[in-house]
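**Q** As a plain string of letters, each chain reads:
Number of protein chains: 2
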Amino acid sequence: MVGLGPGTPEWITPAAQAALDAASDLIGYGPYLDRVPERSGRTKHASDNRVEVERAAHALKLAAEGRKVVVVSGGDPGVFAMAAAVFEALEAGPAEWLVIPITVEPGITAMLAAAARAGAPLGGDFCALSLSDNLKPWEVVTARLTAALAADFVICLYNPISKARPWQLGAALDLAAEHRAAETPVLFARAVGRPDEILRVLTLAEAIATAGTADMATLVMIGASSTRLIAREGAAPYVYTPRSVTKSPCATSQGRT
Amino acid sequence: MVGLGPGTPEWITPAAQAALDAASDLIGYGPYLDRVPERSGRTKHASDNRVEVERAAHALKLAAEGRKVVVVSGGDPGVFAMAAAVFEALEAGPAEWLVIPITVEPGITAMLAAAARAGAPLGGDFCALSLSDNLKPWEVVTARLTAALAADFVICLYNPISKARPWQLGAALDLAAEHRAAETPVLFARAVGRPDEILRVLTLAEAIATAGTADMATLVMIGASSTRLIAREGAAPYVYTPRSVTKSPCATSQGRT
Chain A
1 MVGLGPGTPE WITPAAQAAL DAASDLIGYG PYLDRVPERS GRTKHASDNR
51 VEVERAAHAL KLAAEGRKVV VVSGGDPGVF AMAAAVFEAL EAGPAEWLVI
101 PITVEPGITA MLAAAARAGA PLGGDFCALS LSDNLKPWEV VTARLTAALA
151 ADFVICLYNP ISKARPWQLG AALDLAAEHR AAETPVLFAR AVGRPDEILR
201 VLTLAEAIAT AGTADMATLV MIGASSTRLI AREGAAPYVY TPRSVTKSPC
251 ATSQGRT
Chain B
1 MVGLGPGTPE WITPAAQAAL DAASDLIGYG PYLDRVPERS GRTKHASDNR
51 VEVERAAHAL KLAAEGRKVV VVSGGDPGVF AMAAAVFEAL EAGPAEWLVI
101 PITVEPGITA MLAAAARAGA PLGGDFCALS LSDNLKPWEV VTARLTAALA
151 ADFVICLYNP ISKARPWQLG AALDLAAEHR AAETPVLFAR AVGRPDEILR
201 VLTLAEAIAT AGTADMATLV MIGASSTRLI AREGAAPYVY TPRSVTKSPC
251 ATSQGRT
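Chains as they are written, first to last, in our numbering: chain A, 1 to 257; chain B, 1 to 257.
Looking at chain A on its own, in the form it has when it is part of the complex:
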């Protein structure tokens, strides 16, 4: 399993590149496979975004036949991507699959790329949460989000919005406003590392007003109570979270004013 990072080839590790170069078969979501050049002797098996476990089982079946298979994810394969689906398929599959040598090659996940572009917003403790309620009840999402807000983590939201899930991001930001000040920095980091990259540094209030402008390619990051801006002339402000915490997280709830 290989992670391509968020977009630019400049963020693909040499280890991931070597695995791609050695592969006979590449399996993954079409747009990720499109980022790997065509090459003779290497077959691409593109699939839809919604069939992770079938795709994983297909990869294991080919590998059991002796093919050199790479399952391709964007970002890091272990973070809201294909790695967990492969192990689910492995556990549910025939015993002979257990002898397949499986290697996971880490990649730059979207929150690290977004943070790097903005400054250092992950300078303190943080969490990563998928807003999708396809695989977990919405009550689990809100329970985790509430816990992370109350404990003053920086919060990275993956899968913030899609055509089938249009209201979840707005609901999550409304919940954030019950715990964080309206001026709290929020990032909408879209397609970081790709030609259509857009990094927007907003306040929480602005993020609530424009939640519908995020899309599936957007990583949303909600600052902690201590997350700060450094203004610059002619460029977006830097966003960073100081390393030090002086007050208890329980004392940081400020609410929307």
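FYI, nobody ran anything at the bench for these hints, they're computed from the structure.
Treat the hints with care, as some may be off.
[Claimed, not checked] Straight-line Cα separation of at most 27 Å, BS3-like style, residue types lysine-lysine; simulated pairs:
#, chain 1, residue 1, chain 2, residue 2
1, A, Lys136, B, Lys247
2, A, Lys136, A, Lys163
3, B, Lys136, A, Lys247
4, A, Lys61, A, Lys44
5, B, Lys163, A, Lys247
6, B, Lys61, B, Lys44
7, A, Lys163, B, Lys61
8, A, Lys68, A, Lys44
9, B, Lys68, B, Lys44
10, B, Lys136, B, Lys163
Place chain B on chain A using the hints.
**A** The following block gives chain B in isolation, referenced to the frame of chain A:
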């Protein structure tokens, strides 16, 4: 600012390598600088691990003089590393530093490397928490840990233990046992990607009994209630967290038996 990843050069991104190649001055903690080859025309400024803001100010001062300075971190510069310290120094420093062009190059942070080696333990929602109480009160650490445990996040503990902080990891694991079953998988992932790498897959009970065997180079990962093992013959089990969540996090507290 550049992240070297956890150890092996195979995990240094091409973008990070290009920044190192273009540098006139490298600034960082000695053991990280040791991982970058000596080269004529490139000066290394090694420093102790405890003087981040002084080191950051030194980097900004050299950059303001027109030097091509790279601040070197292990892992990712934005995750419990140098990036936040540089922005702290920038904010506190003279106004002319604000025009220095600053770029952060992301890297493979330790939890991604540890997860990749183990399987897919970060398959669900997760958080990253520094156990060091040098920069925040211990009550903040325990409040955040308790929140993450109650909400059933997978928990990655950075800076778990040092000679000056010998008891914090044991206390954190004891706290985990109030929320997670004794059989919950826990990883002690030491020096992943380096020749002295050791990956240990433990139960929470075993982790508590052997907390003193972790060290500063260890990333500790506490599974969620759903984190599972897949046994293999002749190798450590795979560890993964299924993508689906079926029960409320509030119902997962099982306690130590």
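**Q** If a hint holds in the structure, say so; if it doesn't, say that too.
**A** Each hint tested on the structure:
{"no.": "1", "hint": "A:Lys136 with B:Lys247", "result": "holds, 8 Å"}
{"no.": "2", "hint": "A:Lys136 with A:Lys163", "result": "holds, 18 Å"}
{"no.": "3", "hint": "B:Lys136 with A:Lys247", "result": "holds, 8 Å"}
{"no.": "4", "hint": "A:Lys61 with A:Lys44", "result": "holds, 15 Å"}
{"no.": "5", "hint": "B:Lys163 with A:Lys247", "result": "holds, 26 Å"}
{"no.": "6", "hint": "B:Lys61 with B:Lys44", "result": "holds, 15 Å"}
{"no.": "7", "hint": "A:Lys163 with B:Lys61", "result": "violated, 48 Å"}
{"no.": "8", "hint": "A:Lys68 with A:Lys44", "result": "holds, 12 Å"}
{"no.": "9", "hint": "B:Lys68 with B:Lys44", "result": "holds, 12 Å"}
{"no.": "10", "hint": "B:Lys136 with B:Lys163", "result": "holds, 18 Å"}
Going through the hint list in order, the structure does not satisfy hint 7, though it satisfies all others.
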